[in-house]
Structure formats: structure tokens, C-alpha cells
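These protein sequence lines are chains A and B, in that order. Using our numbering, you'd call the opening residue of the first sequence number 1148 and step up by one each time. Using our numbering, you'd call the opening residue of the second sequence number 1148 and step up by one each time.
Everything hinted at is true.
Repeated chains share a single entry, so a pair holds when one copy, or any two copies, can fit it.
Derived SDA-like pairs (lysine to any residue); straight-line CA-CA distance at most 25 Å:
1) Lys1527 with Val1458
2) Lys1247 with Asn1232
3) Lys1302 with Thr1314
4) Lys1275 with Phe1656
I should point out that these hints are in silico values taken from the structure, not numbers from a laboratory. Since we're looking at a predicted model, the values are computed, not measured.
There are 2 protein chains.
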Amino acid sequence: MIEMYRSKNCGELRISDVEQEVVLSGWVQSNRDFGGMTFIDLRDRYGITQVVFNSDDNEKLSEGARKLGREFVIKISGTVRERSNKNPNRPTGEVEIEVKEMEILNASKVPPFTIENETDGGEDLRMKYRYLDIRRNPLKEKLMFRSKLAIETRKYLDNQGFIEIETPVLIKSTPEGARDFVVPSRMNPGQFYALPQSPQTFKQILMVAGMDKYFQIVKCFRDEDLRADRQPEFTQIDCEMAFVTQEDILNTFEDLTKELFKGLKGIDLPDFPRITYDEAMKKYGSDKPDLRFGMEFIELNEDMQGNGFGVFDNAEFVVGIIAEGIAGSYSNKQMKELTEWVQRPQIGSKGLVYVKYNEDGSIKSTIGKFYSDNDLNTLKEKIGAQNGDVLFILCGETEKTRKQLNELRLEMARRMGLMTKGDFKPLWVVDFPLLEWDEESNRFHAMHHPFTSPKKQDQEKMMKGEHETMKGLKADAYDLVINGSEIGGGSIRIHDRELQSKNFDLLGFSKEEAEEQFGFLLGAFEYGAPPHGGIAFGFDRLCAVMNGESSIRDFIAFPKNNQGRDMMIDCPATISEEQQNELSLKSTFVGSNE
Amino acid sequence: MIEMYRSKNCGELRISDVEQEVVLSGWVQSNRDFGGMTFIDLRDRYGITQVVFNSDDNEKLSEGARKLGREFVIKISGTVRERSNKNPNRPTGEVEIEVKEMEILNASKVPPFTIENETDGGEDLRMKYRYLDIRRNPLKEKLMFRSKLAIETRKYLDNQGFIEIETPVLIKSTPEGARDFVVPSRMNPGQFYALPQSPQTFKQILMVAGMDKYFQIVKCFRDEDLRADRQPEFTQIDCEMAFVTQEDILNTFEDLTKELFKGLKGIDLPDFPRITYDEAMKKYGSDKPDLRFGMEFIELNEDMQGNGFGVFDNAEFVVGIIAEGIAGSYSNKQMKELTEWVQRPQIGSKGLVYVKYNEDGSIKSTIGKFYSDNDLNTLKEKIGAQNGDVLFILCGETEKTRKQLNELRLEMARRMGLMTKGDFKPLWVVDFPLLEWDEESNRFHAMHHPFTSPKKQDQEKMMKGEHETMKGLKADAYDLVINGSEIGGGSIRIHDRELQSKNFDLLGFSKEEAEEQFGFLLGAFEYGAPPHGGIAFGFDRLCAVMNGESSIRDFIAFPKNNQGRDMMIDCPATISEEQQNELSLKSTFVGSNE
Chain A
1148 MIEMYRSKNC GELRISDVEQ EVVLSGWVQS NRDFGGMTFI DLRDRYGITQ VVFNSDDNEK
1208 LSEGARKLGR EFVIKISGTV RERSNKNPNR PTGEVEIEVK EMEILNASKV PPFTIENETD
1268 GGEDLRMKYR YLDIRRNPLK EKLMFRSKLA IETRKYLDNQ GFIEIETPVL IKSTPEGARD
1328 FVVPSRMNPG QFYALPQSPQ TFKQILMVAG MDKYFQIVKC FRDEDLRADR QPEFTQIDCE
1388 MAFVTQEDIL NTFEDLTKEL FKGLKGIDLP DFPRITYDEA MKKYGSDKPD LRFGMEFIEL
1448 NEDMQGNGFG VFDNAEFVVG IIAEGIAGSY SNKQMKELTE WVQRPQIGSK GLVYVKYNED
1508 GSIKSTIGKF YSDNDLNTLK EKIGAQNGDV LFILCGETEK TRKQLNELRL EMARRMGLMT
1568 KGDFKPLWVV DFPLLEWDEE SNRFHAMHHP FTSPKKQDQE KMMKGEHETM KGLKADAYDL
1628 VINGSEIGGG SIRIHDRELQ SKNFDLLGFS KEEAEEQFGF LLGAFEYGAP PHGGIAFGFD
1688 RLCAVMNGES SIRDFIAFPK NNQGRDMMID CPATISEEQQ NELSLKSTFV GSNE
Chain B
1148 MIEMYRSKNC GELRISDVEQ EVVLSGWVQS NRDFGGMTFI DLRDRYGITQ VVFNSDDNEK
1208 LSEGARKLGR EFVIKISGTV RERSNKNPNR PTGEVEIEVK EMEILNASKV PPFTIENETD
1268 GGEDLRMKYR YLDIRRNPLK EKLMFRSKLA IETRKYLDNQ GFIEIETPVL IKSTPEGARD
1328 FVVPSRMNPG QFYALPQSPQ TFKQILMVAG MDKYFQIVKC FRDEDLRADR QPEFTQIDCE
1388 MAFVTQEDIL NTFEDLTKEL FKGLKGIDLP DFPRITYDEA MKKYGSDKPD LRFGMEFIEL
1448 NEDMQGNGFG VFDNAEFVVG IIAEGIAGSY SNKQMKELTE WVQRPQIGSK GLVYVKYNED
1508 GSIKSTIGKF YSDNDLNTLK EKIGAQNGDV LFILCGETEK TRKQLNELRL EMARRMGLMT
1568 KGDFKPLWVV DFPLLEWDEE SNRFHAMHHP FTSPKKQDQE KMMKGEHETM KGLKADAYDL
1628 VINGSEIGGG SIRIHDRELQ SKNFDLLGFS KEEAEEQFGF LLGAFEYGAP PHGGIAFGFD
1688 RLCAVMNGES SIRDFIAFPK NNQGRDMMID CPATISEEQQ NELSLKSTFV GSNE
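One chain only, chain A, in its complex shape (with noise of 0.2 Å):
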């Protein structure tokens, strides 16, 4: 007989299948003892069977049975019988598995946690047991979703006639933008590999060298002081496409959106819709509205200055949303509480100006002293308030104020329920600014990146470089936007030489440190480069987004925590100083490392 650890999975028997002798392999996920029978609820990735065991027919078996523990790995064989009380939860809840044999392939310890959909194991202890962590549902079925996603992601893009090609990890380090993680080179003493934030310039350099449509779902670096939800290696799909406009990438890549979304949610998105960047900051005051709900942005400056409210005539900028049908279950207090969230120094409003238009057509507000009901009722009117709504105003420097409203905005459709779970609305931000003035170190930062191309019109304004204008410069560069994350983001690069120099040269680049960090690519750009753009998406987030979650880390197998830590394997660790010699390196850090 061949040894066999399973003829069947734990997730696929059925009715159909009474009478079958199988033998199959799993945890215990669950063990009851009722007298003389003993039930056990047996789990591998495909599902749970319960297989029981009589002690009448086998009272040795059934004595080994009742022994087992939570997350023993057991061997059973036995005949498939028809459950007398049936499980209809579970697609295997018709049958279970009469014993006849046993054998115990592994012990456990009792689990620090619970392998529930709900456990009772904290955020550590979870990293810590990770491998405890993801035999749980939750964790088990993100994973796969990931894998079913870039499965169909690489479908989609090989039938497009997109080729994969694999960029090098060790690669070379450029100050510029995030910090790099280096690697030291042992057969090149004194010098250093860094690992790729993204393959950008190679990427360009595939296009420069003819392959046309180039992809890659590849692992990025960034060594940044890490935020609840950013881990130092992400995953990108990262694109690029050569001889295309921007329409050409849009349409592309919403199609790809589309398909993935259809095949994985069984979702039919409708076309995306596509505001520039100017309208998306005067709208919603983000470059990455949520447009799952309205609240858009009124202007409020010719309506409400000019009535001897010195906090709005002093006001570069007034600006309301209205917050439909919440008149009546916001209290003063809660009122008060709202207002001190957006003066909370994240936020840093100064105040909050709101009108209640009551249900019964009464007006509370808090500007009465200065606006008459009659002047609030106009109001109403005019930008479209029903009974029942509220008006909140913020005022202040434009910038600043739309970024408040923003949060503002966000934060009342939390209150209200708006994120429906489930609803899914994608946009297309377009036409961003080319370059953004940094006022702490005086200079031009790339919006995009350095490689993006500013747009046709603009480049021979470009070209002559006058500060002034240059803010005023627009790109071919556009973002992917869903439900107020941004998943994906690109442009149409520079491919001309001289075009790219004086981007570097606005960036404050001076000619060395071009000519040393991206020399390889202008030089590229004199052989025949074509025109080419793309763009990437945030793989982790996208899955994140895609099932309405608000975390990447489930979606990742192994994350580190906030101090850049695996906490399973418990890295970075020190190395020896053998190791230390042999890499020409020697740490500074004089403190412990307990």
C-alpha cells in the first residue's frame, strides 16, 4: 500500500459521497465528548468534516479520541455516513466520517489564542504566532484573495501583451525622495547596494530598449519612519507602456480595474470619472475624494462676507458642506464636541461655524447675531439645504481651509454611515501640478517624480524657467482613486534629454549629482527613446480596498510592526563582528541591545 496522508480534503464532502471510505488529514479544531461518542471537528484550508468515533466499536480509538487537543494534526480513515442532525452552515454539514483508524502525526500545545473568525489574541501575540494567526479564516482568506488577485492581475496583463521582466533588487542609491535601504558590498569594499523604492528608471530603460509593454508585480523598499499602516517592503504592479498618451494608459488600466474588480467581486464598475487635480482641491479638498458620498465643497465668501462677521471678512477663504438630515440628532453638546475635533491640532481649525436648518423650518445656528434668518433661508436656497440639514463653515487661508473641510467632510460621513462597505467608487484624478514649492527647504519638490513629463503646452514655459510660472506648470500625471485611497498613480515620462536636465535642474539637482545618480538614463534618452508612460499600483492597498478594509497588514503574510520589527522571527537582529569585517563595516551604536 502506498502511504497516503489524504484521499479527500476536510472541504469537500458531500452527500453524495455516503459510504466512500476516505482518509483525511487536518487539526482538531474541536473535540466533544458525549459518553460514548466523541466528535471532532476536523479543519484543514479547505474546510471542516466532523469525524466521530464509538467507543462501542472501538473503545481503545475512542479513548485515543478524547484525548485529542485543539490544533492536534491528525491522520483519520473511515466511511463517509449521512448526519443525523445536519449542519446546513457547512458545505460538508451533511456528512461526517465514521473512524476506523487513527494516528496522531503531530502534538499541540494548548494555542495562546483562540483559532476562531473572532479571537481573543491581542495585536502582538498575534504577530508573535503568526502561523496561529493565519490558520484563522479571516487572515486564511485575505491571503488567498491576494494570491487570486495577482493571478488575475498577470491574466489580464499577458493578454494585453504586457511582459513581465524582473528588475534587479541591488541596485544604486538616490537621496532623493524616501530614504533608501543600502546593502553593503563585500567584493566592492566601501560601497553600497540600495534596494529599489520602485523600479522607475528601469522601467523606463525597458521602454528605451524596445520591450513596448513591461510589468511587474515586484517588491519596493522604503526605509521611513513607518505610520500605522505603511510597512519598509510593499508590493507595487507596476507598468509601463511606450508610444501611448494618457488616454492610452487610463483606459487600460480602468479596464484592468474593472476586470479585476468584476472577476474577484463579482462587481460591474461603470466608467470612472475623471476631475483635474485643481477641481478635486476645490471640490473636496483632497486629491483622493471618497465620492461614495456628496457633501462637495460650497464657496461661501461672496454669500457670507460682508455682514459685520469680522471671522469671515477677515477670511481669505469661507467654505461649507451640508450634512444632510443630521439636524436632528445633533445636540448642542455634540455640537460642542465636533467643534473642539476640528480644532484638535491635527485638524487645527480655528473654529466651527455650522447652521441647523430644523425639520419644523426653524434655524439654529451660531452666527444669528450677524445673519438673519431671512439671510440664512436665502442661504438655504441658494446652494440647495432642506429642512433637516446641517451647514458646517470653516474659514481661513484657502489651502489650509479646504484641507480642514476635507477631514471635516470625511470625518462626518464616519459619523453618518456613508463608507458603505461594499460601494465602490473609482476616479481618475488628472492634470496635477508638475512641481510643489517646499516653503522649509526652499525649493521646487516633483510632484509625481522627476520623470514626468510636464504637459505639451507647458514645456517650452518649462524650458525658459521662470520661477514664477513654474508652479503653475501642469503634468500628464493622473492617480487612481477609490473610496478616498489612492491605488494607483503615473504620468507620461520626459523622454528627451534635454527636457529631463532641466527638470533635475528645477529640482535643484546640480549637474554632478544628475549626471552621477541618473547619468545611465540620459544617456539612454540619446539612443532613441520612445515616448512611454505608466504607472503603479499599491498592490497591498488595492487588496485592502477591495474588501473594504482599512488595513494592508492582513493582506500581507509576514508584516512588521511600527519599529520596522518581525515579531515571529524576531529581526533586525545584530550580526558578529566576523560579519561586520568581512562587509568593511563597523556599527557606531554604542548603546545596549537587550
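We have chain A already, so just place chain B on it with the hints.
Relative to the frame of chain A, chain B by itself:
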């Protein structure tokens, strides 16, 4: 009108497209001027199309065309016409485009080598201008093959229920095995990550986590002194399965291999023979024999000793191979040269004995003094040699002599043209020893790796741990070999904490070292680890072997040279002192980095 770079690509137009108006973009492959007519071969990833400028129709356009240099990037629009002189060697060879408009999208300097199938560029130049080299068909096709191979691999494994799971790139250094690349942690000063040499422990953890069937096409890293065909970063098809025997794994991955050969090469491979490690060593002196040809080893102690030839009589081992049909073509001089070849230090044989069985029935040998023609004819009969064959004999210490004869066997096959391109002879080598004794370090090494399970029948012996018996322990370890290359290797793993601890112990780990490096795995084994095993395929190597190529380098888009340098981007490179300080690091290298 929408801006558009092309309505068709340069590979798709056929005679049925005649009279169509088309837009094409691409590179100028060649420019031939025949007075009034200018013919340009326009190239993109998909092919080459001839485009024609007629000065009678448009003198100015034609003048522009005459000035186009090689590798200029242009866009043309025009009408598809039937060619008068057709080119049957090109899919588009029946048509040409009569150009109406032309735009130069980018100029090109004269490339430093020709963009042809056979180029005049040297290795270093081609590495530096990799983007030009990739424009050449042979490289382009290799990269496309690689992409297709990855897609097909994923499709197969996905269909078999494997889940692709990304394991982390920033892990912990485990100095056992090859040298790690390390990555200093800024947030955890004095500590380092390491880049994975393989995801071995993570994939085992995923089996403990119940994922059942895992795979990943994944970058791995080894900081080794690079031989001609090694790369510091390389790609594996990495797989692991739970509740399986060796048989299950061999069948699954034999089937994968067959599918890949069928899908990508149109070749039906027969079932793969399986031979034990011992048998492979005995028959071929190698654990990765090339089976495209015979020349199996013939052990000759019994036949050749005792005739007074001291060299044989005093040797532990006398062994030969029959090279068929070469007696007539190997002169004395060539035999002498071959003798010198086996005496080179890389081979290290003391000498080479041969017996030439000439076509005419006469015999010429180097040992005629000790063996009569009668003796040698009896031997001929026994070993099945024919007139025209040559018997080569080596002798000495058994293991060394086998290795030397393996080299000679391969060399003879090379000289005799037996390494037929397009002929594929896969096999499984099984039953590897668990441990190998290393004379130099005076300790055992893991033949496969420290997680490999001894065969069931050897586990008791192993737990006893008597030194003399350890060399004889066999493992459930296996290699997939094709045409003399190890394509894949794997094993059934230990899933028992005690057995794993014992293995670490035998391999010279102290309890503390084992705990520090692999404590998480030993810990995981206590919470219900299932029986499991896996395999990893060298993906770069698989690409090369499937195409009958000996080098992996051109299947990698951006390979590094033997000094671990990327010649195109010029890395590794120095990093700033500021970067080093942030990482609490100091380079101790005092040489020059010019």
C-alpha cells in the same frame, strides 16, 4: 483628432491589409536610399515593416527620410501597399507603407554596436548599454520566454490549488550556508536585516499555518564570490506542500515540468526516470548526470587488477567508459592531448589509460605490456564494446576517480557532439545522504539543508547519533536534473521539534545558536506542525536549459558582472557620510573608491 502614436504595430500588417491607412511608430532599423525612393525598415517589439518615401510625391518628406539615422524613433502615417519584391522571410514581407506623413519622435546617436541578431558588441559594452542590447532579437526573445514561463508556471500551480504568498525580503541573518547580504536598520541601530537566500523557513511556517500548498516565484540572494554563471540575486520557483509524501511532490512537479515543456517548447517529455544518488554516483560519478548520452561507468577492478600492472593493482578503484566509434578519428597526438586534459589540476587525474578497438579488429592500447590482445578482446566482449570504440580507464581513490571520469565523460560527449540541442533528458535523483562529512571543518554539513528529513527507517538511528552511522543516513531529498543541470531540488522536511533539534546538534549548532536563529521554527513545531515537503526550481537556470543555452545571463534583464557590478547604472557605489551616520555605521575601508 485624438493624438495617436500608432494604429498598428510593425509586426502585424499582411497582404489583406492593402489600401488601409495606418499609423506606425518604431525604430529605424535600416535606411536604404535608391535615388527617388527611400526604404526604411521600421522596427518595434513585434516585427519590422518596410516603409517607403517617394521623392516624386513629396520631395521634402523624402529629404527628411534620407537623413534618418539608425535607431531614430519615428512615427509615420500612410497607406499599405503590396510590395513588388516580396520578402518571404518576414511575416510583413508582402507589404510596405507608402508614407504620407512622418514625425521624428526622437533622434539617436550612432549606437556603439549593431542592433542585429549577431552583434559586433563585446560583453562589457553590451552590459553598459543594456538597453540597446535588449533591442536585439535574441535578448528580447529570451526575456519574453522568461515572462511566458513564469505565467505558465503560475497558471499550472494555481490550477493545482497552490496559493502564491509573498514572504518577506527583510529577514534575519543565518550565517549557516552561504553568506548573507545584510541591510542595516536605521530604526533599530546596531541591528541588521538580511536578504533571504531562500524563503525556506517561511514556507515551512506557512505549512504550519495551514496554507497547505504554497508557491512563489521569488528573488533570492547570496553574497558569494561569483563564478562565471552565478548572480548575487537569482529567482526561484519555490513550493511547499503539507500532508504529502515524496511521491506526491515528485509527481506534482514532474507534471509541472512536462506541462512547461509542452506549452513553451511543444515537446512531450516521457516519464522521468528515477535513480538513487548512490546509483548516479556509481554510473556517472555525478549527482546531476547528463542522460542525453550513455557512456555509463564500467567498474573494472575485477577485470583489470592482478595482471601485474601496478598502477591498477594498487588503486582502490579502476573504472572506465566506452566512447563509441571514435577509434578511427583519435590519433596518438589527440590521445596525448586528452591525457594532458585529464591531468590538468582542475581534473587532477594522474593519467589516462585507453584501449582502442580499431575498426579492423586490431587493438591499440597504453597497457599492452600487461594485457594481451586476447585479454582485451575478452574484456571487449564482456563490456559490450565494438570495433571502432575506445575504452578510457581511470583509477585511484574511488570518489575522486568517479568525479574525474565524470569530467572526462562530459568532455568526450562535448567533443563527440552528443550534447544535442533540442534533446531533453530529465530525471529525478533521489535518496540523497542526509549529511556529508567535511574534512576541512571536521564536521557534518547538511547535504540539502538543515530542515531535511531523514528517511523514516533512519530516524531511530539518527536519534541515537552514533558518529560512524551518520554518514549512511539517507534523506527524503531529491533533485530534478535535465541535461546535466540541476533544475530543482527539495526534500520532505522535519516537522518534529526533537528531530529538528537533533539535526541542528549533528550539524554543530549549540542549543543557544539553534534557538537564536531558528527558535521561531522550533517553537512553531510545538503547535501542530503537519508533515510537509517541497521543492525549489532555479528559474534562471530553467529558462536557460529549456533553450539549450549554457548561460543564464541573457535571461536576466539587468544582470551583474563577476564583480557583482551593474555596469549600466554603475553600482554598487559609495553613499554619503550622512547616510552612514543615520544608519549608525562607518565604513572601515581605507582604499580608494575612484
